[in-house]
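Number of protein chains: 4
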Amino acid sequence: MLKSISSPNAISGAPSTDPIGVAVVGLGYWGPNLLRVLADTPNVEVRWICDLDRERLAKFEHRYQAARVTTHYANVLADSSVGAVIIATPVHTHYDLAAQALRAGKHVFVEKPLASSSALADHLAELANGQQRTLMCGHTFIYSPPVRAIKRMLEAGTLGDIYFISSSRVNLGLHQRDVSVIWDLGPHDFSILLYWLSELPTNVRAVGRDSIVKGIADVAFVTMNFASGIVANVELSWLAPSKLRRTVMVGSERMVIYDDGASEPVRLFDRGVVYRDPETFGEYHLSYRSGDILSPKIESHEPLGVELGDFVKAIRAEDRMEFHTALARSVVRIVEAADHSLRNGGVQVCLDNSGISDQLAGRREVALA
Amino acid sequence: MLKSISSPNAISGAPSTDPIGVAVVGLGYWGPNLLRVLADTPNVEVRWICDLDRERLAKFEHRYQAARVTTHYANVLADSSVGAVIIATPVHTHYDLAAQALRAGKHVFVEKPLASSSALADHLAELANGQQRTLMCGHTFIYSPPVRAIKRMLEAGTLGDIYFISSSRVNLGLHQRDVSVIWDLGPHDFSILLYWLSELPTNVRAVGRDSIVKGIADVAFVTMNFASGIVANVELSWLAPSKLRRTVMVGSERMVIYDDGASEPVRLFDRGVVYRDPETFGEYHLSYRSGDILSPKIESHEPLGVELGDFVKAIRAEDRMEFHTALARSVVRIVEAADHSLRNGGVQVCLDNSGISDQLAGRREVALA
Amino acid sequence: MLKSISSPNAISGAPSTDPIGVAVVGLGYWGPNLLRVLADTPNVEVRWICDLDRERLAKFEHRYQAARVTTHYANVLADSSVGAVIIATPVHTHYDLAAQALRAGKHVFVEKPLASSSALADHLAELANGQQRTLMCGHTFIYSPPVRAIKRMLEAGTLGDIYFISSSRVNLGLHQRDVSVIWDLGPHDFSILLYWLSELPTNVRAVGRDSIVKGIADVAFVTMNFASGIVANVELSWLAPSKLRRTVMVGSERMVIYDDGASEPVRLFDRGVVYRDPETFGEYHLSYRSGDILSPKIESHEPLGVELGDFVKAIRAEDRMEFHTALARSVVRIVEAADHSLRNGGVQVCLDNSGISDQLAGRREVALA
Amino acid sequence: MLKSISSPNAISGAPSTDPIGVAVVGLGYWGPNLLRVLADTPNVEVRWICDLDRERLAKFEHRYQAARVTTHYANVLADSSVGAVIIATPVHTHYDLAAQALRAGKHVFVEKPLASSSALADHLAELANGQQRTLMCGHTFIYSPPVRAIKRMLEAGTLGDIYFISSSRVNLGLHQRDVSVIWDLGPHDFSILLYWLSELPTNVRAVGRDSIVKGIADVAFVTMNFASGIVANVELSWLAPSKLRRTVMVGSERMVIYDDGASEPVRLFDRGVVYRDPETFGEYHLSYRSGDILSPKIESHEPLGVELGDFVKAIRAEDRMEFHTALARSVVRIVEAADHSLRNGGVQVCLDNSGISDQLAGRREVALA
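Residue numbers (the working numbering), protein chains in the order written: chain A, 1 to 369; chain B, 1 to 369; chain C, 1 to 369; chain D, 1 to 369.
The following block holds chain A by itself, in its conformation from the complex (with noise of 0.2 Å):
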């Protein structure tokens, strides 16, 4: 019955043009983007909307009148039609969402963070594969044009090695009233983070405060160290002056600024520090190379398009997108470990990247749209 719809085959099979029929869980804070995108998605059918609050239900019925609407989850599984479910509910419930769809024959595509553990998530990952099901998490940000025009320079080799990553993510508000701002801004840069870089920290540290809540920490420093050799600061805040999303990239050869939302969100600076050898002059000289600082024009469009096109694709090729899921995986087992350091004085934190690493490092680049 599933078969019709939501098998690999049916959806990828050469002539066919079906549409994918979807159903979108969740109506809070990102839910309603979802949905808005997918209806204006090619070969993508909004089958259901699935929500607890019966009156956001209604709003979207009214709005998306193709698409029924239901407060019960078993309804949408049910559904052989829906070949596909979107998943943005709050964190702790997304292994059982997700892994019940997956049983169901359905591929899912879930909101970061994966799962509230890396234990969870390495569980639907596995679930997925048992399955043959494409599972994606929704990491926007290695869809928005800045972050893949940095990963390009990466890919060029423009910025040489990297030496290390300080990044900032900072406002005033919103705290969140179960999980700690590591929990809610850390996978931004962790994902970005992952995605340039391929490459998982051995170790992880973080400090920091619960200064308006007790328990909900709301300033975190986090620090990460990777094999090779890169050094990465991650300041992650809800209590700021003004709000700050700036990463500073430096490496042997140029630097480069991403400031998300300012008019220029990347900004490479030629500049370098050349060491020469102490062969000759029996101790080593250091010069320091100031050159331009270009701007380059960078295409608008709107990631979150491209991100539920990738996962149309990848569901019609049957592809199980290796590189997302442990890009997702990975995401939680940071958050998870700096979580874990932050609540225990900053003590260092080892991960456990066997399994994951060769996947983040073997397919190094996601196809660019």
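One should not assume that every hint holds.
Every beta carbon over 10 Å from chain C, so not counted as near; a handful from chain B, in silico [claimed, not checked]:
hint, residue
1, Arg152
2, Ile216
3, Leu286
4, Gln359
Here are the computed lysine to aspartate or glutamate pairs in the EDC-like style, where the Cα-Cα straight-line distance is at most 20 Å [unchecked claim]:
hint, chain 1, residue 1, chain 2, residue 2
5, C, Lys297, C, Asp270
6, D, Lys243, D, Glu264
7, A, Lys243, B, Asp270
8, C, Lys243, A, Asp260
9, D, Lys243, C, Asp292
10, C, Lys243, C, Asp260
Taking CB as the label site, the calculated pair distances span [said to hold, decoys possible]:
hint, chain 1, residue 1, chain 2, residue 2, range
11, C, Glu253, B, His92, 55 to 61 Å
12, D, Arg343, B, Asp40, 45 to 51 Å
13, D, Gly229, A, Ala39, 47 to 53 Å
14, C, Lys214, A, Ala58, 31 to 37 Å
15, B, Asp40, D, Gly229, 53 to 59 Å
16, C, Ser242, D, Gly173, 27 to 33 Å
17, D, Asn344, B, Pro42, 53 to 59 Å
FYI, nobody ran anything at the bench for these hints, they're computed from the structure. Just so you know, even glycine gets a beta-carbon here, dropped at the ideal spot from N, CA and C.
Got chain A sorted already, so can you dock chains B, C and D onto it with the hints?
Below, chains B, C and D alone, put in the same frame as chain A:
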């Protein structure tokens, strides 16, 4: 006759208007500034200029014709008309030169950091105490108008309780040959934090990297916890696309950004979060407050002039500068701890603050010029 | 019965809570915004949507199902349930459409500029007066929170006497096909200046250039003199490396920068020059004062909503909006004069302000929302 | 007698390495800078320092012991070892002092502006020509690295055809007692524009205001038309909330912003409008192009050193500096015209450019250092 000048009694005697004779030792990067300012300070006479490099000496001999020049420090110490010695030599020489001068009965001003280890710094302080001489360390930043303006805000309670501090001091160059970026740039930030908070951290951690020269860290991320709950993160680097000297301090009532070198170095943000207790509602409620932003007028004067004026005043008043000495000793402890942590994979280093905390807290402010 | 609605008496009658029926004419760039806001305005009912383009009509018919659509303006005018007509068509059609509506007994809201010549603008005002209908022109900028905040500063005397104003409104694009950059961008600045100063310029000059399209000036520098002595310079351009919408106003007590679109749109500088009379010294003495800089918190609300709310209130109150109409007529005079000057080599054009100045000055402020 | 030293032959003779003797006249604001740089210029000997103020003389006598000081200009002129006179006195004295020096057979360097009227400036040029002496005016900005960098872009055609230029040079203070802001700040912008464009404006207009001191305009908006079609607007003011020295130049291919004093003084924008002829479509079509932004590395050197080096080279080479003289004469013409326009209600003033245009255009570039 000369004796009457260099004895503390004579110097601070009420009717005395006799000038203080000083010697400047070390004419590298900072020494010439000290010399210039001392030459303009009333009731101070530069008697000796001392350096190992004869060429440098010749240059300054020409400019300051009233002073004698020498490559022999002993000449300086033997001259009873010299009441105070100003030391601006490399860090590893601070202890020896300062100790000799104190033992010779001179007052001593040493460039920051006070000494190359906390043990040596403590010993210098003891020696000064035993000799009843004034020992001051040149933490010029605590005399800079923006830093003073923020100190006044803290004293007035403008910021409320401080939650955390995030600071960046980065630039392209100049690499030091003998010490890490923590020893080079750290004293600036650490002295400012100690001055503002009147409190030593209880523990320190640092991670970083020796990107260019093996064994000399050129980037470091230092985190500190304070007993009061304050958390601080300090980024230090000789590798950066552009110069940044920026400190953000987040308090319960307001937030402030100190951007050294900007046309508006201090910006006060009337922003914060209001926490309402869950008494009535069963759960807490947060609201975000966002008001005016103020760039107060900051007077401009050369901090070094005020600092050296303070040194002279302290000598005349037989003031042992407890707060200053405690601050200088504390800076060395933090630098030492951070450097140790960085060399040991980011391990947490606890500070033994016995005997310093009281001095630091007891006199909560430096008399404002 | 319908009569009772559209007659001013009925509308403003104390017990009346009858909604006002409106028609929106023109669905190009701005019309859809008017439609969206009107649909959300209490006690307003959109009865008709009118445009010559059937495709556009179809699109909006779907979205606003309670309204009827038509390509025939006569249908709108013939409907006695329509109390007010909202016109957002090209400038050259404003007069005809507005005049017809007024003659049909409707209240009228016209997008800026009011008409394509000052004679036509004056005639519309007369007609509205004769018909005892409310005529309002959509100078939305005078409802924007930063412009209002500066108006309040002026009324409070915060700036002192105004010396001069310098403004830039530049961008890359969009070239208009039928009118110069003065007709396109000028009304924004001119309406703001008139609102702030409550005073018409006595003469206007403009130089510029038709850089891209022959006969259509795409850059203009407009200068104005006011009877009070104020001088204003307004730079308008569709050719600029980056968007800038910035006005500097220099007063005897303080100076203000209004930077539309910046995160701190209003910045108040406590700076100025103190002139001391040459009584005692034989010659005058100047001293420069430089104090704090303040970025006041600016509330954020959609100006268009307040503006249309004002229109509705005016209709109900039988308020003929003398100040608004005088302002709208003045804007057309300045645009017309500047355009004439530009086409004639920058010749000075004097404005005949009889009959407008009093209305503009008599009511120095628009009631603040 | 004079011949032996100051005759061009002697000075520029191939084997000659004789130094040029110079006198610096006027030690107010700028004179000390000239003195400092001349003292460091190879093959230049400062023979005299001349000023009416004995105190100033005493101060500089001490610093430049090889030079003689005098309050009598005649002493300077009578000294045959003086080959060139450097004049940095108030504007109204330029003509007399320079003319005397030229008649005495000296080469002359005069601070900008060259003279207090175009007639006097022209006369000085004639005199220098008749005397076969080098006359140079200190328009230092055309030696500044950012201005040079933009000149090279113009020569390379990087910007395409220039459409217009908009410039702001504003600051708080310092009011001059004898001349308007046009005479004070205008020469900077006018010299830069003339250097870049190699073209004089055909007419000039200015409006402004004497806000603080009666009769001394402290703000002015100057507009210029050039025969090539270029339009320029220059805002000059001693009354401004913050310092701004910014010039925008819009060309058919690219646009450039020159922001003097910014960390990135030159920013090149690959932006423009593409006009497609209405051949096929019946009407024209515009498209907007927006590419990279480049901040080229600008070398840093002191413009004054290069400028005075050029003066010395010109003396030795018997170069009469036609372009420079034409530029200096042109600056005075524009200043004079703008000042006249401002005093006469903004009337258009046409420039008679016969005899200057060729020199300005004929040698399109100053040899780059």
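Here is what the structure says about each hint:
no.	hint	result
1	Arg152	holds, 14 Å
2	Ile216	holds, 40 Å
3	Leu286	holds, 19 Å
4	Gln359	holds, 35 Å
5	C:Lys297 to C:Asp270	holds, 17 Å
6	D:Lys243 to D:Glu264	holds, 16 Å
7	A:Lys243 to B:Asp270	holds, 14 Å
8	C:Lys243 to A:Asp260	holds, 18 Å
9	D:Lys243 to C:Asp292	holds, 16 Å
10	C:Lys243 to C:Asp260	holds, 10 Å
11	C:Glu253 to B:His92: 55 to 61 Å	holds, 57 Å
12	D:Arg343 to B:Asp40: 45 to 51 Å	holds, 47 Å
13	D:Gly229 to A:Ala39: 47 to 53 Å	holds, 51 Å
14	C:Lys214 to A:Ala58: 31 to 37 Å	violated, 57 Å
15	B:Asp40 to D:Gly229: 53 to 59 Å	holds, 57 Å
16	C:Ser242 to D:Gly173: 27 to 33 Å	holds, 29 Å
17	D:Asn344 to B:Pro42: 53 to 59 Å	holds, 55 Å
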